[in-house]
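Residue strings, one per chain:
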Amino acid sequence: MHKMLSHGVVVEDNWTVVTAPDLESGVLPAGDILLPLNYWLEKRDELLLQQADRAVGVWIDSHEEVEALVEGLADDLARLPVVAINFPKFVDGRGFSSARLLRDRYQYQGEVRAIGEFIRDQLFLMQRCGFSQFSFANEIDLQAAAASLKDFSEAYQTAADQPQPLFKRLR
Amino acid sequence: MYIYDQYDQTLVDERVAQYRDQTARYLDGQISDEEFLPLRLQNGLYIQRLAPMLRIAVPYGLLSSRQLRALAEISRKFDKGYVHFTTRQNIQLNWPQLEEVPDILAELAKVQMHAIQTSGNCIRNTTTDQFAGVAADEIEDPRPWCEIIRQWSTIHPEFAFLPRKFKIAVCGSEQDRAAFLLHDIGIQLVKNSAGETGFHIYAGGGLGRTPVIASSIREFLPRQYLLSYLDAILRVYNRYGNRDNKYKARIKILVKAWTAEVFAERVEAEWQQIIAGQGDAATQLTEREIERVKGCFTLPDYQQLDAAAVNAELQTQAADNLPFSRWLSRNVRDQKQPGYAAVTLSLKPAGVAPGDVTDRQLESIANLADQFSNGEVRSTHNQNVVITDILKSQLFDFWQQAKAAGLATPTIGTINDMICCPGGDYCSLANAKSIPVAEAIQRKFDDLDYVYDLGDLELNISGCMNACGHHHIGHIGILGVDKKGEEWYQIQLGGSASKQAALAKVLGPSLSRDEVVEGIEKIVDVFVDNRLEGEPFLATYQRIGMDKFKERVYAQDA
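Protein chains in written order, with our numbering: chain A, 1 to 171; chain B, 1001 to 1558.
Treat the hints as calculated values from the structure; they're not laboratory data. Here the structure is a predicted model, which is why all the values come from computation and not from measurement. There's no promise every hint is true.
Restricting the straight-line Cα-Cα distance to at most 30 Å, the calculated cross-link-like pairs of lysine-lysine (DSS-like) are [claimed, not checked]:
1) Lys1110/B with Lys168/A
2) Lys1246/B with Lys1505/B
3) Lys89/A with Lys1248/B
4) Lys1484/B with Lys1444/B
5) Lys89/A with Lys1294/B
6) Lys1294/B with Lys168/A
7) Lys150/A with Lys1433/B
8) Lys1505/B with Lys1444/B
9) Lys168/A with Lys150/A
10) Lys1433/B with Lys1248/B
11) Lys1256/B with Lys89/A
12) Lys1483/B with Lys1433/B
13) Lys1548/B with Lys1444/B
14) Lys1191/B with Lys1403/B
15) Lys1165/B with Lys1505/B
16) Lys1080/B with Lys1165/B
17) Lys89/A with Lys1165/B
18) Lys1110/B with Lys150/A
19) Lys1191/B with Lys168/A
20) Lys1483/B with Lys1548/B
21) Lys1484/B with Lys1248/B
Covered stretches of chain A, as calculated for chain B (at least 3 residues, CB under 8 Å) [unchecked claim]:
22) 17-29
23) 36-44
24) 74-84
25) 158-166
Glycine included, C-beta positions come from ideal geometry on N, C-alpha and C.
Excised from the complex, chain B in its bound form:
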């Protein structure tokens, strides 16, 4: 992973000192609430329903075992001994004290972590594929590019007070596992006919109140121009994005208002002026810098293994152990390196808020990473944790330890692996609770054979239209709404976060808290009744349409 040099470390340390001074002046009454708001947000601190919440940056989801142990210690010392993994691959503390946040940030800085720009109207954490570096369908490892973007965006002098928040995702593979078309900027790594790496740039995607799939604005950007082109997009947005209405302020509204073609032209014109003004091509990335950053993302020394023999042994182990076999089928995937596997540790056991882990579990994850891998893990936008580069011959031992730590729930990619925001239990923006709905669904679908038979089914829950739970892109989406002070749930169907991204459509009138689980059950029943052999939910929905689902859910009882 990327290791800080003296400049990275100094910058993070100076940020802690800056925020310590700002907090002191705020507590002393020298900074008003209104002025402190963006300062604390850009250091990750929200004021929530019950307590402040601190969002810690996990750049593109990569964490070392040392960082995991530090997070465990911080959660014990400053919080209640657990943390929450978010849909932006970040980590949240739910109960820090405002006065102690500078100390928490100082502890984080000791392990090369920070909370810079994890909130506020600025450039947020750049996200990517959790299988970067090991995915069989990878064009190029996206993480060095994410790190280059991280450094460019960190304390960018011009773009700290944008009209609204700004999110960038990078996709380095054929399959999209980063939902990159639902970001303000989506970057697809591509190769041109000469075999050179470049970027296909998309802009104007996003969820929230007005979900939009990003538009292509440049099909091939030569790689040395990445930062100047990003500067051009951000400058156009900073100058012309809507600042009068926060609900119309995201870049997607500007792209729509201008049309993608006009937006692309404006960006192109700005970019041409930027590069024309740089006599000595100042901001062009150099090969030396690209290689320096790439050199940080080392892969282990892989052994040459007889893949057939390894797989045969695994089959034997699985044959007489149903739970292990189940876990293998859902939580383990092949890597491009034969004989090695990537495991998804589930943070979704029934009865626990999706994405929550205890301090002890963080330490267990660190131990697993040290013992079976290279001491690194990846958080995912589905709120799980991935450990890569595990010898397949060691998977059985790995599984037993993961199971003992409560991290081996074998439901990855199923209806029980839902994405879920913290909702009304924590968040002051939420209209409705989401965690209890997730739990009720998990309890309803507790027969693993049935869950497996349903196959890949993404169910996403958001407690309000801000869509932190990505409800628009779930195969089944649930959105919490407020009706005269009561919590209701709107159901949506047919969303997809894949490269064939689709936004879900509303099923019909929202359901009460008592009706929502039954409604989901009916939807699943319609799928089961209508599916062709082996067909996944989304394909069935696309084939038969909305009406059959609607009829069943809203049928009057006889």
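Bound conformation, chain A alone:
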């Protein structure tokens, strides 16, 4: 079973990320699923009716705007257990802004999960931007990777994890 980091702890990851090709068959995989934003927006009503027996979240790609998610989902956003943000390449930093907007601007309280090609050495920064879960594309030593969440003990700036800058808290 695939595992992920959740709030710094290694847990089972039994979610399936559903992509556009998966949807062509018209049959959704079993178990907990993360659906593409557009699909959710299109099928919202039936999904809400039919998926009572499992958890359903939404994922957005790096180029998709958080604003579209928020406007499209409206009241549903707060009820979503997970919003996942995909990293097509680890150097694509748009997801960092997406996470901050979800947390800081739209006060999303559920899990913000990183999926895709991000790397362990980004975890400290990603956590500050509001990511709470990390589902790596490759199998890596998650226990060791969790150490990267603690690379720094302080930070100058405000971020999703710290509403006050260093100069207001400690100086």
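On the provided structure of chain A, position chain B as indicated by the hints.
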């Protein structure tokens, strides 16, 4: 200068530990080359043509004598006993070993230095005027604002993986000595009608392949909002900058594509949302923090001096000493404090790569700063070093010591004070060598009287279109190009890094290595033939235009 407190020091120490672990995992095969690339770049490490190169941050160019001595020691222990000053006021080591970089960073951390974000697609070192704090035309000392920006940008969680590199410059004076309009963000300190300090914000400037002068996007930003407004610009860029083509990825391309007006509106909308979301104005700068940082940039206790008497004495010393007089005229400038002077130490003697200094020279600079000033120096974007607050009555002694150390070449601001990138001798990006061209020009223009008669003439050399040598903004620019494996040089004229910033125009077909010095000579001849009394090169060029230069350089020999 800014002195680290426990939080600054801890952060830099933890960065060393982080990079030490990353280097170990890389050498152990746990991190791929592709993944290690941005990690090492954001710690200053490039892999160059011959060896790695480590770029050390010198925040806004300010260095203490203690730091200079540490750099000298590091260059002896880990390198070949010399370092290179860059056009971003930073320092480069040319021959470090990848395995030893964590140790070098640890040595730097001991003297409150680092190499964080000196490369890579992140917010780089913030630069400013080398005469900050002492310039007569200063509105306000820009360095506290640079330090506030440095802290905000250091390990910023959201902006470590931008579409491309990102450079900020702050200008605190009437005259621009920071080329601030050629930065991704240019910040001009201004005062409003109530006398309050604020910022005129420009965005979208830059050199490189597509040189652009920055556009004004906000005329007056109240100072407490500096960081939230920068967050807004960076967020808009991070989200909407081009990530498909690295040559179209700088913010200048986005500003151009959207137009400056639309870009400014988008930033304004983002900024309004940021500050509306902060119930208790969380990121607004406090007066306490601004004063805390300002308090670090102390000026010496100036003596009350009779400026006329001091100047008269200096005139007497200069009258019977031509070399001293020459040095005074080119390398020394008045400060706003009467009786004191700021000296530019030249790193451009002929035969040495522009910006290179030896370990011994670093120590000499430290000694000069301790003996004649307050133990601080400033690196300049022209690749020289400035020491301020020298008593004019001590300039003669200063000059003799600087001369003995090879730091008193009296050519500041002349054709021989060229900006020059490391070029094909070191850099793997370069299309052509630049250092030998600089040297050949210096050797050609070796008659100081002639050089002085030419007056202010900025000559900038880049070994490739990435423009580290700022060729677009030289009065004369030289750009190395590759033609079927051979090194050629394109000449450009009419650039300017001043507040009336201008981008140079191409003279014509590029010249071979053998022709380039002769070409420069012909250009200078046209200037001399056409100049009005006392007119500087740029003014003559602007008056007579390109054609006369073109005709002379490309004239067929009879």
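Now for the hints, and whether the structure bears them out:
no. : hint                     : result
1   : Lys1110/B with Lys168/A  : holds, 26 Å
2   : Lys1246/B with Lys1505/B : holds, 24 Å
3   : Lys89/A with Lys1248/B   : holds, 18 Å
4   : Lys1484/B with Lys1444/B : holds, 28 Å
5   : Lys89/A with Lys1294/B   : violated, 41 Å
6   : Lys1294/B with Lys168/A  : holds, 16 Å
7   : Lys150/A with Lys1433/B  : violated, 44 Å
8   : Lys1505/B with Lys1444/B : holds, 24 Å
9   : Lys168/A with Lys150/A   : holds, 22 Å
10  : Lys1433/B with Lys1248/B : holds, 26 Å
11  : Lys1256/B with Lys89/A   : holds, 26 Å
12  : Lys1483/B with Lys1433/B : holds, 13 Å
13  : Lys1548/B with Lys1444/B : holds, 22 Å
14  : Lys1191/B with Lys1403/B : violated, 41 Å
15  : Lys1165/B with Lys1505/B : holds, 25 Å
16  : Lys1080/B with Lys1165/B : holds, 29 Å
17  : Lys89/A with Lys1165/B   : holds, 17 Å
18  : Lys1110/B with Lys150/A  : holds, 22 Å
19  : Lys1191/B with Lys168/A  : holds, 26 Å
20  : Lys1483/B with Lys1548/B : holds, 26 Å
21  : Lys1484/B with Lys1248/B : holds, 25 Å
22  : 17-29                    : violated (count 0)
23  : 36-44                    : violated (count 0)
24  : 74-84                    : violated (count 0)
25  : 158-166                  : holds (count 6)
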